[in-house]
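Got chain P sorted already, so can you dock chains E and S onto it with the hints?
Residue numbers (the working numbering), protein chains in the order written: chain P, 4 to 243; chain E, 494 to 746; chain S, 335 to 972.
Since the hints were derived computationally from the structure, they do not count as laboratory data. A portion of the hints provided could be inaccurate.
[Said to hold, decoys possible] Taking lysine to aspartate or glutamate and the EDC-like style, the derived pairs with C-alpha atoms no more than 16 Å apart in a straight line are: (1) E:Lys509 x E:Glu593; (2) E:Lys509 x S:Asp880; (3) S:Lys890 x S:Glu839; (4) S:Lys726 x S:Glu702; (5) S:Lys545 x E:Asp613; (6) S:Lys854 x S:Glu839; (7) P:Lys142 x P:Glu208; (8) E:Lys518 x E:Asp613; (9) S:Lys341 x S:Glu957; (10) E:Lys509 x S:Asp883; (11) E:Lys502 x E:Glu593; (12) S:Lys890 x S:Asp880; (13) S:Lys842 x S:Asp826; (14) S:Lys718 x E:Glu526; (15) S:Lys890 x E:Glu547.
Keep in mind that this is a model prediction, so the values were computed, not measured.
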Amino acid sequence: MQSLLRFLGSTVGAKFLMALTGVLLALFVVGHLSGNFLLYKGQDAMNDYAEMLQGLGPALWIVRLGLLAVFATHIYYGIRLKRRNAAARPVNYAHEDTIQASFASRSMILTGLVVLAFVAMHLAHFTLGWLDAEAYDLKQTVQRDGQPFERHDVFGMVVAGFHNDVFVILYAFAMVVLGLHLSHGLHSLFQTLGFRHPAYTPWIERIGRGLAWVLAVGFLSIPLAVRFGFIAAAGGGDAG
Amino acid sequence: MSQGNMRLKLHIWRQKGASAPGAMKTYEVTANEHMSFLEMLDVLNQELIEKGEEPVAFDHDCREGICGSCNMVINGHPHGPQRGTTACQLHMRTFKDGDEIFVEPWRARAFPIIKDLVVDRTAFDRIIASGGYVSVNSGSAPDANEILIGRDDAEEAFEYAACIGCGACVAACKNASAMLFTAAKFAHLEKLPQGQVESDRRAVEMVMQHDAEGFGACTNQYECEAACPKEISVTSIAMLNRAYRRAALSSKS
Amino acid sequence: MTNLDAKIPSGPLEKKWDSRRFELKLVNPANKRKYRVLVVGTGLAGGSAAATLAELGYNVEAFCFQDSPRRAHSIAAQGGINAAKNYQGDGDSVQRLFYDTIKGGDFRSREANVYRLAQVSVNIIDQCVAQGVPFAREYGGTLANRSFGGAQVSRTFYARGQTGQQLLIGCYQALERQVQAGKVKMHTRHEMLDVVLVDGHAKGIVTRDLKTGKIQRHFGDAVILATGGYGNVFYLSTNAKNCNVTAAYRAHRRGALFANPCYTQIHPTCIPVSGDYQSKLTLMSESLRNDGRIWVPKKHGDDRKPGQIPEGERDYYLERKYPSFGNLAPRDIASRAAKEACDDGRGVGPGGLGVYLDFADAIQRLGEDAVRSRYGNLFHMYAKITGDDPYKTPMRIYPAVHYTMGGLWVDYHLQSTIPGLFVLGEANFSDHGANRLGASALMQGLADGYFVIPYTLGNYLADQRPGLADEQHAAFAEVENEVRARLQRLMDVNGSRTVDSFHRELGKLIWDKCGMARDKQGLEEALRRIPELREEFWGNVRVPGDTGDFNQELEKAGRVADFMEFGEMMCLDALTRDESCGGHFRTEHQTDDGEAMRNDDDFAHVAAWERKSDGSGWTEHREQLEFENVKLSVRSYK
Numbered sequence: 004m005q006s007l008l009r010f011l012g013s014t015v016g017a018k019f020l021m022a023l024t025g026v027l028l029a030l031f032v033v034g035h036l037s038g039n040f041l042l043y044k045g046q047d048a049m050n051d052y053a054e055m056l057q058g059l060g061p062a063l064w065i066v067r068l069g070l071l072a073v074f075a076t077h078i079y080y081g082i083r084l085k086r087r088n089a090a091a092r093p094v095n096y097a098h099e100d101t102i103q104a105s106f107a108s109r110s111m112i113l114t115g116l117v118v119l120a121f122v123a124m125h126l127a128h129f130t131l132g133w134l135d136a137e138a139y140d141l142k143q144t145v146q147r148d149g150q151p152f153e154r155h156d157v158f159g160m161v162v163a164g165f166h167n168d169v170f171v172i173l174y175a176f177a178m179v180v181l182g183l184h185l186s187h188g189l190h191s192l193f194q195t196l197g198f199r200h201p202a203y204t205p206w207i208e209r210i211g212r213g214l215a216w217v218l219a220v221g222f223l224s225i226p227l228a229v230r231f232g233f234i235a236a237a238g239g240g241d242a243g
Numbered sequence: 494m495s496q497g498n499m500r501l502k503l504h505i506w507r508q509k510g511a512s513a514p515g516a517m518k519t520y521e522v523t524a525n526e527h528m529s530f531l532e533m534l535d536v537l538n539q540e541l542i543e544k545g546e547e548p549v550a551f552d553h554d555c556r557e558g559i560c561g562s563c564n565m566v567i568n569g570h571p572h573g574p575q576r577g578t579t580a581c582q583l584h585m586r587t588f589k590d591g592d593e594i595f596v597e598p599w600r601a602r603a604f605p606i607i608k609d610l611v612v613d614r615t616a617f618d619r620i621i622a623s624g625g626y627v628s629v630n631s632g633s634a635p636d637a638n639e640i641l642i643g644r645d646d647a648e649e650a651f652e653y654a655a656c657i658g659c660g661a662c663v664a665a666c667k668n669a670s671a672m673l674f675t676a677a678k679f680a681h682l683e684k685l686p687q688g689q690v691e692s693d694r695r696a697v698e699m700v701m702q703h704d705a706e707g708f709g710a711c712t713n714q715y716e717c718e719a720a721c722p723k724e725i726s727v728t729s730i731a732m733l734n735r736a737y738r739r740a741a742l743s744s745k746s
Numbered sequence: 335m336t337n338l339d340a341k342i343p344s345g346p347l348e349k350k351w352d353s354r355r356f357e358l359k360l361v362n363p364a365n366k367r368k369y370r371v372l373v374v375g376t377g378l379a380g381g382s383a384a385a386t387l388a389e390l391g392y393n394v395e396a397f398c399f400q401d402s403p404r405r406a407h408s409i410a411a412q413g414g415i416n417a418a419k420n421y422q423g424d425g426d427s428v429q430r431l432f433y434d435t436i437k438g439g440d441f442r443s444r445e446a447n448v449y450r451l452a453q454v455s456v457n458i459i460d461q462c463v464a465q466g467v468p469f470a471r472e473y474g475g476t477l478a479n480r481s482f483g484g485a486q487v488s489r490t491f492y493a494r495g496q497t498g499q500q501l502l503i504g505c506y507q508a509l510e511r512q513v514q515a516g517k518v519k520m521h522t523r524h525e526m527l528d529v530v531l532v533d534g535h536a537k538g539i540v541t542r543d544l545k546t547g548k549i550q551r552h553f554g555d556a557v558i559l560a561t562g563g564y565g566n567v568f569y570l571s572t573n574a575k576n577c578n579v580t581a582a583y584r585a586h587r588r589g590a591l592f593a594n595p596c597y598t599q600i601h602p603t604c605i606p607v608s609g610d611y612q613s614k615l616t617l618m619s620e621s622l623r624n625d626g627r628i629w630v631p632k633k634h635g636d637d638r639k640p641g642q643i644p645e646g647e648r649d650y651y652l653e654r655k656y657p658s659f660g661n662l663a664p665r666d667i668a669s670r671a672a673k674e675a676c677d678d679g680r681g682v683g684p685g686g687l688g689v690y691l692d693f694a695d696a697i698q699r700l701g702e703d704a705v706r707s708r709y710g711n712l713f714h715m716y717a718k719i720t721g722d723d724p725y726k727t728p729m730r731i732y733p734a735v736h737y738t739m740g741g742l743w744v745d746y747h748l749q750s751t752i753p754g755l756f757v758l759g760e761a762n763f764s765d766h767g768a769n770r771l772g773a774s775a776l777m778q779g780l781a782d783g784y785f786v787i788p789y790t791l792g793n794y795l796a797d798q799r800p801g802l803a804d805e806q807h808a809a810f811a812e813v814e815n816e817v818r819a820r821l822q823r824l825m826d827v828n829g830s831r832t833v834d835s836f837h838r839e840l841g842k843l844i845w846d847k848c849g850m851a852r853d854k855q856g857l858e859e860a861l862r863r864i865p866e867l868r869e870e871f872w873g874n875v876r877v878p879g880d881t882g883d884f885n886q887e888l889e890k891a892g893r894v895a896d897f898m899e900f901g902e903m904m905c906l907d908a909l910t911r912d913e914s915c916g917g918h919f920r921t922e923h924q925t926d927d928g929e930a931m932r933n934d935d936d937f938a939h940v941a942a943w944e945r946k947s948d949g950s951g952w953t954e955h956r957e958q959l960e961f962e963n964v965k966l967s968v969r970s971y972k
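With the rest of the complex left out, here is chain P (with noise of 0.2 Å):
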């Protein structure tokens, strides 16, 4: 135990929880978009997937605890460790240059900050419904046993969402930041679990970088498509 705590207390330590939340991260971020891509199947496509989610119940909960957990190491370890960097030189030079570092890599903790105040805007969007009441009540009804059966229309709210260039504009800006992050981020995890090798990093770095961009587009496509009328409320009745 006293092992474990000296690892997590040291830089490399905290730099390998960093990656492995990154990893974890990743994953919810891949799979958060495959459900994503639901929207342009269609509502009832994307109203069933929520719907099952919904009906997890108790193992949702779990999930977005764990989830919740995973996101408080990722952050809080990174503060702290930008703190104890940013200590480490505390006086910066008069004439600054770098070589080979991205702008990626020397922005992480920004980049970082700004996904998570869009986490915090997009829960309070679209998973709590402050921003925008009218849309998150939206309701589907469809025939169930027979009968007709409401439910949550996250289409329509989506939909309805995004036709607010506001909306559009931040979930772009904060897409493209999601993007640089998980540009550096993807491959340099590798790096961090200790992985390195001559003929593949290059290739985990151009898919890392790759991925990540794929991972920004896929997201970015959703508003944009709403905001230009790829995506739109089938029949246009309820939805309305």
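Positioned in the frame of chain P, the structure of chains E and S alone reads:
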């Protein structure tokens, strides 16, 4: 202006002592393209002394790129703009007439300034003392050829062992992390069978000492590798990360 | 007259060290921790001594003026380290290494010391490998060797062109291990400014903390100096800028005899001087001569580019004059041959002070990649300094001061004429005679530190009561006052010339008069001019700043002041040794074809100089060299 001469404007960090305040000060000097950077500073210092001013203090010794004494950040780059080159081997032909050059000390909490460009790097010695050695007493060694080491392993160990302990990695890192230094020493011994015996203890002790000295954490930006005058690879850091995790988590206490 | 008893054991050569080790008194393990040993200098000799003595249980205090022991100038040694391992099966043996070293030193070293050196050479390699020194290897995993000047076998172990660095790091790690164990207290950025004698024995030193300027006293039951050579008396040398003679010279002023100061080694392959701002010279490893061919144009004043000079118009003078050793002739011989060619007006490059070192043949024979893998880092360094690409155009090289064979006189136990003061490595005079062979300096430094001093020091300490005195002893106060007064005197001159300008002038004078070739007239002139220059120094030097502060000019001033006295002694020795031998070439004594001519009847001795107590000059003492196992012969590499 005669052949190969150049007029330069230098901005140099001047600080009288550890606790005195410091500031950038501007000087003009005429240099020749065949001079090393340090010889250019020698010229400046001779002029300063003749004018009754205090010369710029800077560490230097072998002036052939191997002792690791010289340490100055030149235009934002530790040891200056040329890759794989220490300040003492940087020649003025890299610059041109009329250039402005910023000369600053290594900046890190773990390397407190002693005077001007001179910093205290004894933290590095303490990292080595914490475990960067093979515990073998004089006279107790077996015949040298009893330990067979493949040529590639020996060569790789050498690549890491080439570290001159100058601290450019720390100076280049925005986190003032000394991971490349620590990992280079670790990797040198890790690649050799002699070093394997104490590998776990070494990984743990060296990382703990690195942290205790107040260096920052590695955030995989690899500026260290680019600034390293011996061009040591950050592969060493991955090696240390792996070994440290293995050692720290399997430790019995 | 000081009695120069070298304490050489009796008996057959190969048994001397064994029998002496048996005779030496021991300090029992429980008592070792009662003794404190001061080690000044932490290069290969000092670092290995400090680590080993601490391993044995002594309390060691180690001092270096650098910011870390890892920076001592041993680190710059490039080519390799010799050892009589005979791993190549090419006919090497302890006897052969012994003979090569004696012959290489032009029969001016002690048989017993050199034989011991050859014996322990094999242990050094074992020790270094165990520490993790990454020597070059064959594909099968065994150690690789290369050949070096002055030998016809491959006995040199190497780690690319950075052997000294790797050995020093091994030694530094061993030292830091003892720091961690609490057995060594390391004082970095401390310069020894004097040695303290209590009842005639060395019992301490006075240092200046270079960071704060504080003068400190340190008591030790014995004092070990491993402070390197005095090559910087020439100002321009391949030594690190801060190398100096101060510790050794201060000990000399306290009574330690200084042996053979005129023996200096001029290394044949260095990068030529490019201008008067030049601060130091850079060596290109002797190993380059394995594959590089040295030549000058046959025609005088031929200023064509090297590539335009046809084969028939080139003079590969080493191959011509020394067909059996060719480009691998020993250093003194190769240097002198280069000087001869340049004096003859056939030198190349600015000022005609250079010769070509050409790899075109090697590149053609082995391919550029093979050459790169052998010498890549050296080529890289050359290109960085000169801006020329040695793969395409031959290197230009010229001899430069590199090593000093002379040093404080020590007996077989490495003890100086001051009891309790031991001297190791380049700082002593012991093993290289009048010329050192390549790859032997590292060997000697580590032999002294790892394998000799641990035995001989115990013999001295066994008769000493531990803690005989302490820092409060009157002798410490007296020396401290002298040190302070001297520093103050330097500050008080407040003249108009910089320390460097004096150092340059002294260096040029000594290079001209006591460099690669010396003669009576020039040496007498130097002996006239050095005191004048010294007088001007003490009347007109300017040292800015103050003593109680980090002050690099003050550090330099103290060192140059000592060089000003030392240089005179060196020229006096060169004048007195009226023969040519090894690195000491008196133009009056040469054969018809320009080879050094020894005079074994009158000069087969060590000249050990004692400074007169009133400072008016020196008295010479002689230790006759007895050769029972080798026949003194004309050193021929033809």
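A quick look at each hint next to the structure:
no.	hint	verdict
1	E:Lys509 x E:Glu593	23 Å, violated
2	E:Lys509 x S:Asp880	12 Å, holds
3	S:Lys890 x S:Glu839	15 Å, holds
4	S:Lys726 x S:Glu702	10 Å, holds
5	S:Lys545 x E:Asp613	9 Å, holds
6	S:Lys854 x S:Glu839	21 Å, violated
7	P:Lys142 x P:Glu208	44 Å, violated
8	E:Lys518 x E:Asp613	22 Å, violated
9	S:Lys341 x S:Glu957	12 Å, holds
10	E:Lys509 x S:Asp883	9 Å, holds
11	E:Lys502 x E:Glu593	5 Å, holds
12	S:Lys890 x S:Asp880	13 Å, holds
13	S:Lys842 x S:Asp826	27 Å, violated
14	S:Lys718 x E:Glu526	12 Å, holds
15	S:Lys890 x E:Glu547	14 Å, holds
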